[in-house]
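S.K.: As given, the protein sequences belong to chains A, B and C, one line each in that order.
The first sequence begins at 1 in our numbering and counts up by one.
The second sequence begins at 1 in our numbering and counts up by one.
The third sequence begins at 1 in our numbering and counts up by one.
If you are wondering where the hints come from, they were derived from the structure by calculation, not from laboratory data.
Only a predicted model underlies this, so the values are computations on that prediction, with no experimental measurement involved.
Do not take every clue at face value.
Okay, derived cross-link-like pairs now, DSSO-like style, lysine-lysine, Cα gap no bigger than 30 Å in a straight line [as the list claims (entries may be wrong)]: (1) A:77 to C:77; (2) C:267 to C:226; (3) A:77 to C:129; (4) A:48 to B:48; (5) B:77 to C:267.
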Amino acid sequence: MKNQDIQLDSQGRLRHFLTIEGLKKPVLTDILDTAENFSTVGTRNVKKVPLLRGKTIANLFFEPSTRTRTTFELAAKRLSADVINMNISTSSTTKGETLLDMLRNLEAMHCDMFVVRHGSSGAAHFFAKHVAPHISIINGGDGSHAHPTQGMLDMFTIRRHKPDFTALRVAVVGDILHSRVARSQIHALNTLGVPEVRVIGPRTLIPAEPDSLGVHVYHDMKEGLKDVDVVIMLRLQRERMQGALLPSENEYYRTYGLSREKLALAKPDAIVMHPGPINRGVEIESAVADGPQSVILEQVTNGIAVRMAVMSMVLGRPGDEQEAG
Amino acid sequence: MKNQDIQLDSQGRLRHFLTIEGLKKPVLTDILDTAENFSTVGTRNVKKVPLLRGKTIANLFFEPSTRTRTTFELAAKRLSADVINMNISTSSTTKGETLLDMLRNLEAMHCDMFVVRHGSSGAAHFFAKHVAPHISIINGGDGSHAHPTQGMLDMFTIRRHKPDFTALRVAVVGDILHSRVARSQIHALNTLGVPEVRVIGPRTLIPAEPDSLGVHVYHDMKEGLKDVDVVIMLRLQRERMQGALLPSENEYYRTYGLSREKLALAKPDAIVMHPGPINRGVEIESAVADGPQSVILEQVTNGIAVRMAVMSMVLGRPGDEQEAG
Amino acid sequence: MKNQDIQLDSQGRLRHFLTIEGLKKPVLTDILDTAENFSTVGTRNVKKVPLLRGKTIANLFFEPSTRTRTTFELAAKRLSADVINMNISTSSTTKGETLLDMLRNLEAMHCDMFVVRHGSSGAAHFFAKHVAPHISIINGGDGSHAHPTQGMLDMFTIRRHKPDFTALRVAVVGDILHSRVARSQIHALNTLGVPEVRVIGPRTLIPAEPDSLGVHVYHDMKEGLKDVDVVIMLRLQRERMQGALLPSENEYYRTYGLSREKLALAKPDAIVMHPGPINRGVEIESAVADGPQSVILEQVTNGIAVRMAVMSMVLGRPGDEQEAG
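Generate the whole structure from the sequences, applying the supplied hints.
M.R.: Okay, here's the thing in structure tokens:
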């Protein structure tokens, strides 16, 4: 089954948001434009619009995440929706059967949307495949598969600084192999027409067939950063340090950490991004993270606008299955 | 002290909802009729009515329960009340003295209603007995004593399919002895005039004096299911398996699990109910749980309407102690 | 840096509320008068005012506290603000660096106010010092330093019973040395003009230089209680019992517990206060805690009005940095 089939309704409008892969450029641009409208809500005196009043949004977090959960909760509340937070230990839902029963129960409570974060790749798809027609699923991160709202808030942030995607050279640095964030970013960058997407990292952390991703691979960071417009640093999952995949933090920083010195190889007006939370001195130098080229905190702000956009788009489709519930 | 004394106000209206035992038929019918009015709220575009705006409802859960807590929270939010969730480990409130102090503090914060779930039978009564006159207590399940909102949502579900209680034969199957759900169901069925209530289960799991409950006891499920209109399966508490009370899951399923074969003994239009979450293959066959006679998910939906009904009834009594706060 | 500098805006209005120390009497009186206005909200039929609609308040609790968190949450909701609860284990933010990054992220989400409770003295100050100009910090208790909203709710409670602070003799009894509550109370009592503030406790639990606090020290409780108008009991931190600082609970009660007998030494119309939760039979006799002179539950009620007052004052300053966000 194609992702676009399940993500779009009969009129081609976004119904779930599971992955950026397979979505056409106009859909992505629509999300960015809608987010632009919401980007001023956060600075208003009354940070609230009544768009989703009386809707029920359930945050189903099978993986702990204060940060992402908070931005989804804030986005929902600023849209005036009612939010239910459910932190679910995966141990209580090990059998797929039980997960489905939980889904059916939440459906029966007339929830309108589930934001799902899960440690297994494909969890959000599983929900979308089985959910009742009037309910929308937003993927809040599934395994090493996708984190599409993160991908889109990154695109939003890039566009604010570099409006023409077709003129950009973008580098994504770090553990590409295991990163759902990288995967979503790369799909978005390609779809939006970025002509040159580079990935930079050690051989152990780059997917085996990078060509299929539409990226250029660099193992030497200095080479890879040369003349790029955007540097996206990934968060280093320290737990992977335990295994044989990575050398010490010090060595990692020396080779793939973003220092002022390395950043100087990019274009002078290059922006620096990171999905957070940052490991200072491991993947990024503090002087860079807090420096004039960093847009890391803008990403956080934009994350709420983008999540409001996606939530309002999937729930605000008049005349569709929406009514069938 | 009679339950009806403490549950009703001076004008005979519901003030607390602690147990179905002792309530008269008109009160139960009133709950069902009120729930009928709320049953459409969940399918509206704006799932919200302003009835309890500005009221404060505290969910006091001394026993963990995502499911029941969520339905109470949704019911409260759809009535526009403010909800405070408090998950309280019983270890910190072992002394009754401390529990009372906690109660007095929440009163002082001008909460209007406590939804109480507690592992000890009588906990909700204890709260109701000691609470200030302007506060209402809803029992969200206390020990093996009562779970009255579950009982009423089951009655609501039955009435939707079988409008005349006085023409019904109903069987409740499983661990009757330890089930607060069964106890509440049996009281409701008797009060609403069901002429034949059967309980089916092994000798070890049926109360010693079933006559006082007003039920007929069957140990042979095939006999007990014969010609019934409603089959209510109870959830098997797997932890009881550890003791000597129950044989293996397999043997339990063979003897008291609801298979298609056994269900065929009931009336052809009999409905199948279960308070959830279900243990597939233990107390019920998947083909039955998901089959055309199952109304298990309707029960979940109805649970919100019934809880909205009870909440609005106890808090919306003009001219009573309500004002005295 | 003076506290008043950081707590007040350029026009002398309250911008953060970190400590009572250094605030002038008119500011404290303003809080009390504003709280007086909010004190009726809790008894209204609709317990809600729209003052902070569309504002986002984040409860950052690094120390567990159901009780204080609940009163802040209720205060915020009754002001119609949106509330985000974040229970943060200090283990995940051991490095000040990480704490700052967390702060920057919450700022970027356009929160308007952080209520901070933290085990380390100075944590709320740290936040206030580094926070963006449009955000207000309320100290919900930091280490053994300050608990200013508790201090002010105590002043509010005293004023309701004894309107003239300049005519009062007040005794604070217990572990003065480690109590942030005592510290805030003493600063408030002195600033509001109470001519005689006494502290009563064992030598091990009184600060080394009590003169600097502006208090009179008593080690004999019977002497210290003589003719006082207000008796404030502190909660005994039982964990301190483990060390050598304190004798047994029984002995503590005999020496510094408030019994009816000892209370008889105070003025006949003296009021008895306690920040809660009380340890019955350790620092206070039940007959006193529940007796006619006790105003302990009024303190809880007043806590919500005082917190509403502080929240509305710091967020409702038109024409100030507020707009600069």
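S.K.: Against each hint, give a clear statement of whether it holds in the structure.
M.R.: Status of each hint after checking the structure:
1. Between the alpha carbons of residue 77 of chain A and residue 77 of chain C the distance comes to roughly 13 Å, so the proposed pair stays at or under 30 Å and holds.
2. Between residue 267 of chain C and residue 226 of chain C the CA atoms are separated by roughly 7 Å; this keeps the pair inside 30 Å, and the hint holds.
3. A C-alpha spacing of about 29 Å is found between residue 77 of chain A and residue 129 of chain C, which places the hinted pair at or below 30 Å, so the restraint holds.
4. Simply put, residue 48 of chain A and residue 48 of chain B have alpha-carbon atoms about 17 Å apart, close enough for the 30 Å limit, and the pair holds.
5. A C-alpha spacing of about 48 Å is found between residue 77 of chain B and residue 267 of chain C, which places the hinted pair above 30 Å, so the restraint is violated.
Checked against the numbered hints listed earlier, the structure breaks hint 5 alone; every other hint is satisfied.
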